[in-house]
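Taking the hints into account, I'd like the entire structure generated from these sequences.
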Amino acid sequence: MSNTLNLPENRFFDPTPTHRQMAMELYQEIAALPLVCPHGHVDPRLFAEEDATFGTPAELLLIPDHYIFRMLYSQGIPLESLGVPRVDGGEVETDHRKIWQLFAEHFYLFRGTPTGIWLAHELHDVFDVREKLTGETAQAIYDQIEAQLARPEFRPRALFERFNIEVLCTTDAATDSLADHQAIRNSGWKGNIRPTFRPDAVVNLDTPNWKDNIDALSAAAGIDIDSYPRYIQALEQRRAFFKQMGAVSTDHAAVSAYTAELSTGESEMIFQRALRGETTVDDARRFTAHMIMESARMSIDDGLVMQFHAGSVRDYNTLIDQRFGANKGADIPERGEFTHNLRPLLNKYGNDTRLTLIVFTLDESTYARELAPLAGHFPAMRLGPAWWFHDSLNGMTRYRDQVMETAGLYNTVGFNDDTRAFPSIPARHDLARRVDANWVAGLVARGIVDREDASEMVNDCAYRLAKRAYNLGE
Amino acid sequence: MSNTLNLPENRFFDPTPTHRQMAMELYQEIAALPLVCPHGHVDPRLFAEEDATFGTPAELLLIPDHYIFRMLYSQGIPLESLGVPRVDGGEVETDHRKIWQLFAEHFYLFRGTPTGIWLAHELHDVFDVREKLTGETAQAIYDQIEAQLARPEFRPRALFERFNIEVLCTTDAATDSLADHQAIRNSGWKGNIRPTFRPDAVVNLDTPNWKDNIDALSAAAGIDIDSYPRYIQALEQRRAFFKQMGAVSTDHAAVSAYTAELSTGESEMIFQRALRGETTVDDARRFTAHMIMESARMSIDDGLVMQFHAGSVRDYNTLIDQRFGANKGADIPERGEFTHNLRPLLNKYGNDTRLTLIVFTLDESTYARELAPLAGHFPAMRLGPAWWFHDSLNGMTRYRDQVMETAGLYNTVGFNDDTRAFPSIPARHDLARRVDANWVAGLVARGIVDREDASEMVNDCAYRLAKRAYNLGE
Amino acid sequence: MSNTLNLPENRFFDPTPTHRQMAMELYQEIAALPLVCPHGHVDPRLFAEEDATFGTPAELLLIPDHYIFRMLYSQGIPLESLGVPRVDGGEVETDHRKIWQLFAEHFYLFRGTPTGIWLAHELHDVFDVREKLTGETAQAIYDQIEAQLARPEFRPRALFERFNIEVLCTTDAATDSLADHQAIRNSGWKGNIRPTFRPDAVVNLDTPNWKDNIDALSAAAGIDIDSYPRYIQALEQRRAFFKQMGAVSTDHAAVSAYTAELSTGESEMIFQRALRGETTVDDARRFTAHMIMESARMSIDDGLVMQFHAGSVRDYNTLIDQRFGANKGADIPERGEFTHNLRPLLNKYGNDTRLTLIVFTLDESTYARELAPLAGHFPAMRLGPAWWFHDSLNGMTRYRDQVMETAGLYNTVGFNDDTRAFPSIPARHDLARRVDANWVAGLVARGIVDREDASEMVNDCAYRLAKRAYNLGE
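Chains as they are written, first to last, in the numbering used here: chain S, 480 to 953; chain Z, 480 to 953; chain H, 480 to 953.
Hints may be right or wrong, so weigh each one.
Each computed EDC-like pair below joins lysine to aspartate or glutamate, with the alpha-carbon atoms no more than 20 Å apart [what the hints assert, rightly or not]: (1) K807/Z to D831/H; (2) K807/H to D831/S; (3) K827/S to D794/S; (4) K827/S to D800/H; (5) K827/S to D831/H; (6) K827/H to D794/Z.
Derived from the structure by calculation, the hints contain no laboratory data.
Dropping the structure here:
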């Protein structure tokens with residue numbers, strides 16, 4: 480019984496020799512390109528101070544990663560035993576070696592999953608681990624990671640440089656002071672880290688504590704938000720500030736992709752009801768639909784690229800939400816609809832070449848049916864990469880197969896790592912580059928595109944499309 | 480023109496040599512494992528008497544198999560000419576050789592279908608047929624099967640042993656006396672055959688003759704069911720009896736996966752209306768939704784695994800239903816929804832590790848979008864295998880590709896043959912084992928899992944997951 | 480940097496050697512079969528006069544082809560600059576060399592798309608082009624095509640013969656005089672060109688100018704349509720005329736697949752409201768649903784095969800519709816539903832073997848879930864091939880993989896090229912034949928069907944199924 484952790488050089492490529500060889504050849508063209516990371520959830524604080532560290536191996540790799548603990552939870556392992564903090568401050572496991580041991584004993588659950596693939600890559604390439612993670616090897620591997628993390632080469636800024644990250648965009652609340660971003664700039668460190676404007680908490684009226692968020696927005700913008708026009712003015716002011724701090728895009732989430740414009744009177748009426756704490760379900764639904772359109776209008780004005788993520792029912796499991804809070808691996812996708820929902824937005828702004836609207840979905844049945852036809856027609860629309868549960872080997876392959884024939888490669892925007900776990904960034908890009916190299920190699924092997932076009936396509940997938948779509952330079 | 484019936488040893492494996500070789504290697508590890516059959520529709524009467532027989536070849540293989548006659552009917556062949564009995568006792572073909580001839584002449588319709596694959600396997604492996612079934616060979620093959628069926632080695636119990644079935648669960652109405660199961664036990668024969676509790680006919684208020692079923696339930700439980708509490712008591716009593724007779728699970732079917740809890744008052748009111756024959760469409764819908772939840776509560780109490788099949792519009796073709804009755808190949812799937820429909824159930828019972836809820840779907844668009852994320856989070860939830868129309872080579876492959884990356888292998892429950900035709904059991908398991916071996920081999924060939932993990936995975940798929948999920952021993 | 484346009488002989492086949500070799504072998508059996516074209520949009524006028532020509536290369540290949548200009552438009556290229564005529568007669572580019580240049584410079588957008596594949600095939604096989612289309616080669620290629628088009632061998636009738644088209648069905652409004660078809664017949668030319676009866680513009684009450692269309696129908700039928708019975712009579716009369724002119728089928732489009740029968744009173748009431756210009760949204764919806772059923776009834780009477788295309792939201796982009804008119808690449812699919820929508824129709828007529836109802840969808844999630852189970856049961860129902868956005872390499876492959884196991888090959892109807900661009904016909908059939916050969920070769924390579932059955936199946940796919948389904952001779 481072998482315990483060697485081995486990452487085959489030609490992993491994830493089709494086993495047919497001609498296909499595999501072409502995939503390897505194309506992959507080698509792009510493997511070492513810098514990483515462009517236009518969308519993710521890395522905490523900018525990691526880079527604000529030169530001496531920031533990552534904590535213990537469990538703090539770095541497990542406790543904050545809902546991709547990992549959701550799977551353990553699904554097999555009956557309580558989140559408390561994994562050290563996930565409780566909202567009420569109740570007791571949870573604090574022995575990180577014990578947490579790591581429990582995880583290692585169940586690492587077999589991740590066989591064939593992207594989480595398993597990313598983690599193996601991180602252990603191997605970032606931490607030089609050469610044994611498979613199991614109950615037996617758990618403590619030795621913990622020792623090894625712990626020792627590495629103590630070295631200066633494993634501080635966030637050092638890894639940022641080692642990972643060859645050309646640009647990293649974080650995701651920041653509309654009310655954020657961007658103090659960490661400011662600190663990074665002030666420090667003189669050269670890492671290109673940019674904020675992204677995410678206004679969900681002040682736009683979606685059904686956000687818990689929405690009124691507090693509006694107060695924070697008032698404070699941040701220096702505008703007393705007592706009316707809809709002032710609210711819009713505050714948002715525009717914040718966008719301008721984010722842009723000045725380097726932001727290239729905004730990010731918007733909604734359960735449904737519904738868009739619809741309200742009259743000025745209606746906007747004001749709904750907004751006033753919300754200020755008084757009298758929001759109805761229908762108010763929230765209509766106001767979000769309106770604000771998506773309004774955000775597109777602002778993007779046309781200020782040039783920020785607009786990202787729109789629809790389809791996730793957040794914090795679905797009430798027990799987990801109450802005990803551990805939001806974002807604990809219990810977000811569940813629902814059926815999506817874009818054709819009718821986006822029509823008001825696309826009819827009003829979709830023909831405007833000043834707008835770049837990047838749409839993401841969790842419902843793959845909309846790829847070929849709705850999204851590819853829309854992106855293959857409207858100049859303002861682009862398709863975001865395979866998202867979240869579909870950011871995986873099969874998920875990315877299905878995306879390519881279902882989207883490309885109708886939308887073409889050039890109405891897509893390259894790869895987003897969308898990561899929370901900073902050290903997983905190279906693993907995620909490497910997987911995407913391998914999948915893309917393999918996909919294009921398949922087109923060559925079947926005589927669909929020639930070798931010359933294939934080179935262009937893999938370079939576009941790995942690097943150029945993301946830079947172009949997010950205005951990060953040609 | 481060759482008429483040889485030939486089953487290649489490496490059939491269904493990917494033709495790429497490295498992939499195929501690995502698939503063969505993995506298949507050989509599991510090909511001879513005993514068959515675990517936790518869900519199916521074999522008539523227990525076949526095993527109640529030592530001397531039971533299967534009838535003619537047409538009675539064994541065609542007349543009761545809606546997979547077969549639906550395809551013939553779709554091409555304009557009247558069910559009467561295939562010997563399918565009419566509700567009104569009207570004339571149908573009784574010459575089983577003529578029926579067989581008609582079938583053989585149209586056997587080309589099954590090219591590339593799972594029915595075609597299973598039947599070829601049965602003919603070859605069970606009945607030693609070595610010629611392709613065509614109009615020319617029809618009668619000779621009939622002779623051969625008829626001769627085999629006359630031998631004692633072809634009685635049901637003998638085939639059960641020859642097939643190496645470790646355990647076979649049947650599906651039985653809540654009102655069933657389980658007399659056949661009792662007879663099997665009394666006979667001293669060692670075959671492990673267990674009932675499954677299926678209460679649809681007393682739970683779904685829109686079942687034709689629901690009130691008669693309630694009367695039968697009263698009689699079976701020895702409880703006069705005149706109120707909702709007594710109804711619940713009768714169901715619990717029957718479950719206890721089934722459990723005592725060896726049942727390990729219950730089975731529930733509904734068109735929609737809708738779940739919702741009624742108050743005690745509402746339950747009683749709807750139940751009383753039903754007793755008076757005044758059920759409304761909405762009553763039936765809400766009562767089923769409530770009883771799905773109530774059944775989960777009972778499972779937590781008595782430990783029976785709960786199976787839930789949603790999405791089939793039964794007996795869609797009125798003409799066929801009126802002329803030939805239910806289950807005649809005219810059940811048509813409808814669009815499914817699980818995220819919102821299961822939320823009440825999962826929020827109430829989904830975090831309880833005493834419950835095992837196995838969910839099946841006919842809408843593949845819910846695999847990656849809804850079911851895999853749900854099963855990858857809730858401890859109580861597992862995913863049933865690719866069901867019915869999707870219990871096929873491509874169907875099982877799509878299931879693996881769309882489910883595994885998010886739910887992992889260990890939130891699935893292995894294979895269910897779901898068979899009506901007893902002699903097709905080995906063919907169905909063999910197909911599933913080949914598909915699984917080929918799927919895991921693909922993971923090895925692409926460097927996603929290593930050889931050691933691959934062994935574990937194929938053994939889990941073929942044998943261990945089913946035993947574990949259905950509490951049939953480790 | 481190579482500019483050679485090269486079409487590999489074994490293109491589109493799986494690169495695994497055994498699979499590819501079998502695909503090549505099967506393809507060679509069918510590559511030269513005559514083309515059967517039962518559904519498309521070629522203008523019959525092209526064949527009405529012996530000396531008809533195609534115009535400039537841009538007029539032939541770009542300006543009328545929304546598959547091409549939608550992609551260019553999606554990347555910000557105004558339709559005016561592509562010479563697409565404006566409704567208001569406003570200025571658009573008239574220099575066809577300039578249009579061609581712009582197209583050539585953006586031809587990379589079509590990498591990996593069916594449009595790219597078809598166009599490469601046309602350039603290579605029809606016009607003998609041997610260089611890739613780029614900005615540099617644009618004018619030389621224009622010269623070459625222009626020169627070819629000037630030759631008598633490139634007139635429509637000559638190409639029809641060179642393409643080996645056995646039969647070509649056009650699509651014609653219910654009110655069409657079929658004068659071009661008459662002219663073809665009168666000319667003595669032997670090309671087998673047939674009309675298809677498409678009544679959408681007189682059936683869908685929300686058609687712009689519906690009343691004008693009814694007036695045209697009155698005139699064409701010689702019946703004063705002032706009541707619903709006379710309307711039905713006029714339609715029946717027109718169908719009889721089309722049939723006499725060679726039509727074998729009718730074609731019906733609707734956004735939804737909803738079917739439902741109205742009472743005679745309701746039909747008359749809705750029809751009278753429509754005559755008065757007082758149609759409601761609900762009227763239109765219900766009348767279409769009713770007329771789909773009524774058309775099936777007529778098909779049973781007159782034997783015309785009924786085609787039903789559902790799921791496209793036409794002219795979705797209002798700006799484009801107002802500026803350039805209908806059919807400008809802005810038709811977007813919506814989610815489909817067939818199980819409940821077709822039930823009234825199938826319950827009334829689906830068991831009648833005199834009816835052939837061919838159903839097309841743009842929602843692939845309905846293939847395995849709804850359409851294959853329906854076609855695998857009802858004698859009257861067949862599935863049309865992968866349609867529109869799915870008439871592509873991946874689209875056709877997904878269709879086969881998702882439909883065949885449940886419906887079987889023999890409930891499908893072969894290939895429809897559905898073309899607008901006449902010279903793309905051979906390219907489209909060749910792609911379909913290659914995909915089918917490759918699909919069947921995969922079944923052989925995996926031991927699912929034998930070599931003998933494979934021959935039958937590819938010949939069915941390429942030629943026989945279409946002839947049989949459309950009553951074009953065995």
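How the hints compare with the structure:
1. K807/Z to D831/H: With a Cα-Cα distance of about 17 Å, the restraint between K807/Z and D831/H holds, given a limit of 20 Å.
2. K807/H to D831/S: 17 Å, holds
3. K827/S to D794/S: 33 Å, violated
4. K827/S to D800/H: The given pair, whose Cα atoms are some 14 Å apart, holds under the 20 Å limit.
5. K827/S to D831/H: Not OK: K827/S and D831/H at ~48 Å, beyond 20 Å, violated.
6. K827/H to D794/Z: 15 Å, holds
When held up to the earlier numbered hints, the structure conflicts with 3, 5 and fits the remainder.
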